[in-house]
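Trainee: The listed protein sequences derive, respectively, from chains U and X. As numbered in this note's numbering, residues 1 to 107 make up the first sequence, in order. As numbered in this note's numbering, residues 108 to 545 make up the second sequence, in order.
No lab work stands behind these hints, which were simulated from the structure alone. Mixed in with the good hints there might be a few duds.
Far from chain X by the CB rule (all over 10 Å, computed), these chain U residues [unchecked claim]:
| # | residue |
| --- | --- |
| 1 | G16 |
| 2 | L85 |
| 3 | E104 |
Keeping only pairs whose Cα atoms sit at most 20 Å apart, straight-line, the calculated DMTMM-like set for lysine to aspartate or glutamate is [what the hints assert, rightly or not]:
| # | chain 1 | residue 1 | chain 2 | residue 2 |
| --- | --- | --- | --- | --- |
| 4 | X | K320 | U | E44 |
| 5 | U | K18 | X | E232 |
| 6 | X | K321 | U | E30 |
| 7 | U | K18 | X | E142 |
| 8 | X | K320 | U | D88 |
| 9 | U | K18 | X | E445 |
| 10 | X | K320 | U | E102 |
Label pairs and their computed distance ranges (CB to CB) [stated by the list, open to error]:
| # | chain 1 | residue 1 | chain 2 | residue 2 | range |
| --- | --- | --- | --- | --- | --- |
| 11 | U | R45 | X | R384 | 26 to 36 Å |
| 12 | U | P31 | X | N157 | 55 to 65 Å |
| 13 | U | V38 | X | G391 | 28 to 38 Å |
| 14 | X | S398 | U | R59 | 23 to 33 Å |
| 15 | U | G79 | X | D227 | 23 to 33 Å |
Think of the CB as a built atom: it goes at the ideal place given N, C-alpha and C, for glycine as much as any other residue.
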Amino acid sequence: MSGRLRLYDIAHARAGDKGDTSNVCVFAYEPKHYPLLVRALTPERLRAAFPALLRGPVRVFPLPQLSGVNLVMENALEGGVNASLNLDGHGKSWSFLLLSLEVEAED
Amino acid sequence: MLGCGAGFASDRLDAAVALVERVRLDWLILECLGERTLAFAHRDRRADPNRGFDPLLERRMRALLPLCAARGVRFLSNMGAANPRAAAQATVRIARELGLLGLRVAVLLGDEVTEALAPDTPLWEGGRLADRGPPLAANAYLGCAELLAALATGAEVVLTGRVADPSLFLAPMIARFGWRLDDWDRLAAGTLIGHLLECGMQVTGGYFADPGKKEVPDLARCGFPYAEVAPDGTAVITKTPGSGGRVDARTVKEQLFYEVHDPARYVTPDVVADFTRVQITEIGPDRVQISGARGYPRPPQLKVTIGFDGGYLAEAEISYAGPNAAARARLARAILSERMRAVHGYEGPLRIDLIGLRALHATALPEPEEGEDVRLRAALRAPEREWGELLAWEVEALLTCGPAGGGGFRSRIVPQVTTASASLPRERVRSEVVVFAA
Numbered sequence: 001m002s003g004r005l006r007l008y009d010i011a012h013a014r015a016g017d018k019g020d021t022s023n024v025c026v027f028a029y030e031p032k033h034y035p036l037l038v039r040a041l042t043p044e045r046l047r048a049a050f051p052a053l054l055r056g057p058v059r060v061f062p063l064p065q066l067s068g069v070n071l072v073m074e075n076a077l078e079g080g081v082n083a084s085l086n087l088d089g090h091g092k093s094w095s096f097l098l099l100s101l102e103v104e105a106e107d
Numbered sequence: 108m109l110g111c112g113a114g115f116a117s118d119r120l121d122a123a124v125a126l127v128e129r130v131r132l133d134w135l136i137l138e139c140l141g142e143r144t145l146a147f148a149h150r151d152r153r154a155d156p157n158r159g160f161d162p163l164l165e166r167r168m169r170a171l172l173p174l175c176a177a178r179g180v181r182f183l184s185n186m187g188a189a190n191p192r193a194a195a196q197a198t199v200r201i202a203r204e205l206g207l208l209g210l211r212v213a214v215l216l217g218d219e220v221t222e223a224l225a226p227d228t229p230l231w232e233g234g235r236l237a238d239r240g241p242p243l244a245a246n247a248y249l250g251c252a253e254l255l256a257a258l259a260t261g262a263e264v265v266l267t268g269r270v271a272d273p274s275l276f277l278a279p280m281i282a283r284f285g286w287r288l289d290d291w292d293r294l295a296a297g298t299l300i301g302h303l304l305e306c307g308m309q310v311t312g313g314y315f316a317d318p319g320k321k322e323v324p325d326l327a328r329c330g331f332p333y334a335e336v337a338p339d340g341t342a343v344i345t346k347t348p349g350s351g352g353r354v355d356a357r358t359v360k361e362q363l364f365y366e367v368h369d370p371a372r373y374v375t376p377d378v379v380a381d382f383t384r385v386q387i388t389e390i391g392p393d394r395v396q397i398s399g400a401r402g403y404p405r406p407p408q409l410k411v412t413i414g415f416d417g418g419y420l421a422e423a424e425i426s427y428a429g430p431n432a433a434a435r436a437r438l439a440r441a442i443l444s445e446r447m448r449a450v451h452g453y454e455g456p457l458r459i460d461l462i463g464l465r466a467l468h469a470t471a472l473p474e475p476e477e478g479e480d481v482r483l484r485a486a487l488r489a490p491e492r493e494w495g496e497l498l499a500w501e502v503e504a505l506l507t508c509g510p511a512g513g514g515g516f517r518s519r520i521v522p523q524v525t526t527a528s529a530s531l532p533r534e535r536v537r538s539e540v541v542v543f544a545a
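In isolation and in its complexed conformation, chain U is listed as follows (with noise of 0.2 Å):
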């Protein structure tokens, strides 16, 4: 298989938030799948792929036994939720941003 895919397609999310940080974890459905997760969610990638939004340090914890990775993003929810004007100020929704991230497949 080769190609485009969107992470949502091989991929579940949960987000949740501590003050102005943000953290995501990701998993994949197989774990075939996992070193494709692992490969697109670089802090690089992320940070080029929304560069308004992450606007501090990315960190990604591995967790291979799980086939996910944790990422925790700061000074990524505007503000946080004492700051923010997002409706969504604790970035609930950041789950299915990422998800909606395209990685390229190969194997």
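Go by the hints and put chain X onto chain U.
Mentor: Just chain X, lined up with the frame of chain U:
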């Protein structure tokens, strides 16, 4: 057996009743206290010294206390919020009205540490306490070391203010199994169980369903979770029999890292837990076994949340639909921006989204051209209510002064609180347990 009967302030009540009715619980635990919830509660208490606890306390107690009393289920909750003593007194009054004479309510006091913080206390967000203006209140996250004293009274009901959420679940396990407070692996195992249960239905199919991808049966009647905990700290996570929802490896995985940063260092007042080697095993329908958390010594300092007056958040909305709706909504946005900035000289934060084109993800993604049902939503924050009133006025004025076909105007202006965090040495906290009887 530990059941969760609320995972946040507005959680459902009928599902908590079903949990107590259908499962032989030892403890029913209700987690109802977010950071901002507590700051608002402090404001309520300032307005009325008999308030400042969970506004739903009376309804929850009336529905749950008789069931818990009849079944011998002990009840533990942080519904005390900013005024645990008043919450306990209200509970005693309700218990008397329900005929539950003799019922005892233990209340844990001492989390409020406003007086213990010096003006030069450094904030985690940067700067010092004095820079942010006078705090509404400051509360330390107490843990099992303090909570166990309340459980040891034997009271049927235990109420607290600010306690770390997983500690509400860990303390009953420590009391039951006699774990030592430096048995870090056991404490981490119990913290893992508490972390999975503390958000209620987020582990039983809530905040999870995605039609066509992640199906959840009967989500309208989703069940609350409970845990069957073994003395070694392994547990089975499951849910109310006969309820909707789902417990499987995926719902548990998603919740395992919910609001977790470094998975190897999940910090609570009781332990530093490492979740990186957690084993998640489906052992039956809606039954997931968890094990494998590791623990390290607890931190010397407690986290403190400080609440401040946050001025006002104002929001105002108006809609455009049908042919060329997107262009009319964009014109309305341009007019509103010019009115607020150029005509009225407002220089503070202002955001105008076009719901139906791009709103929640507007900062991250470009706005699509087309849309046939578009809602303009404007928002600002200001220390003065007047700017909010002006925004609402200007959006309403678009009805007759703006583009064609605008309708459905609504507005709201709500007081805000903001929060910051700081650290406090444990020895600065003096906790106390008081028992009331019905």
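Trainee: Given the hinted pair K320 of chain X and E44 of chain U, is their alpha-carbon gap at most 20 Å?
Mentor: 28 Å, violated
Trainee: Hinted pair, alpha-carbon criterion (20 Å max): K18 of chain U, E445 of chain X. Please report holds or violated.
Mentor: 35 Å, violated
Trainee: Are the Cα atoms of K321 of chain X and E30 of chain U separated by 20 Å or less?
Mentor: 14 Å, holds
Trainee: Confirm or reject the claim that P31 of chain U and N157 of chain X have a C-beta distance inside 55 to 65 Å.
Mentor: 56 Å, holds
Trainee: Taking 23 to 33 Å as the stated bounds, is the beta-carbon spacing between G79 of chain U and D227 of chain X within them?
Mentor: 25 Å, holds
Trainee: I want to verify a distance hint. Is the separation of the beta carbons of S398 of chain X and R59 of chain U within 23 to 33 Å?
Mentor: This hint holds: roughly 27 Å between Cβ atoms.
Trainee: Please confirm whether G16 of chain U is truly not at the interface, meaning its C-beta sits more than 10 Å away from all C-beta atoms of chain X.
Mentor: At roughly 4 Å from the nearest Cβ of chain X, G16 of chain U sits no farther out than 10 Å, so the non-interface label is violated.
Trainee: If I take the minimum Cβ distance from E104 of chain U to any residue of chain X, is it greater than 10 Å?
Mentor: At roughly 20 Å from the nearest Cβ of chain X, E104 of chain U sits farther out than 10 Å, so the non-interface label holds.
Trainee: Is 28 to 38 Å a correct range for the gap between the Cβ atoms of V38 of chain U and G391 of chain X?
Mentor: Given about 32 Å between the Cβ atoms, the range holds.
Trainee: Do the Cβ positions of R45 of chain U and R384 of chain X conform to the proposed distance bound of 26 to 36 Å?
Mentor: 27 Å, holds
Trainee: Examine each Cβ of chain X, and state whether all of them lie more than 10 Å from the Cβ of L85 of chain U.
Mentor: Non-interface label on L85 of chain U violated, nearest chain X Cβ at 4 Å vs cutoff 10 Å.
Trainee: Tell me if the straight-line CA distance from K18 of chain U to E142 of chain X falls inside 20 Å.
Mentor: 10 Å, holds
Figure legend: structure checked against the earlier numbered hints; hints not met, in rising order: 1, 2, 4, 8 and 9.
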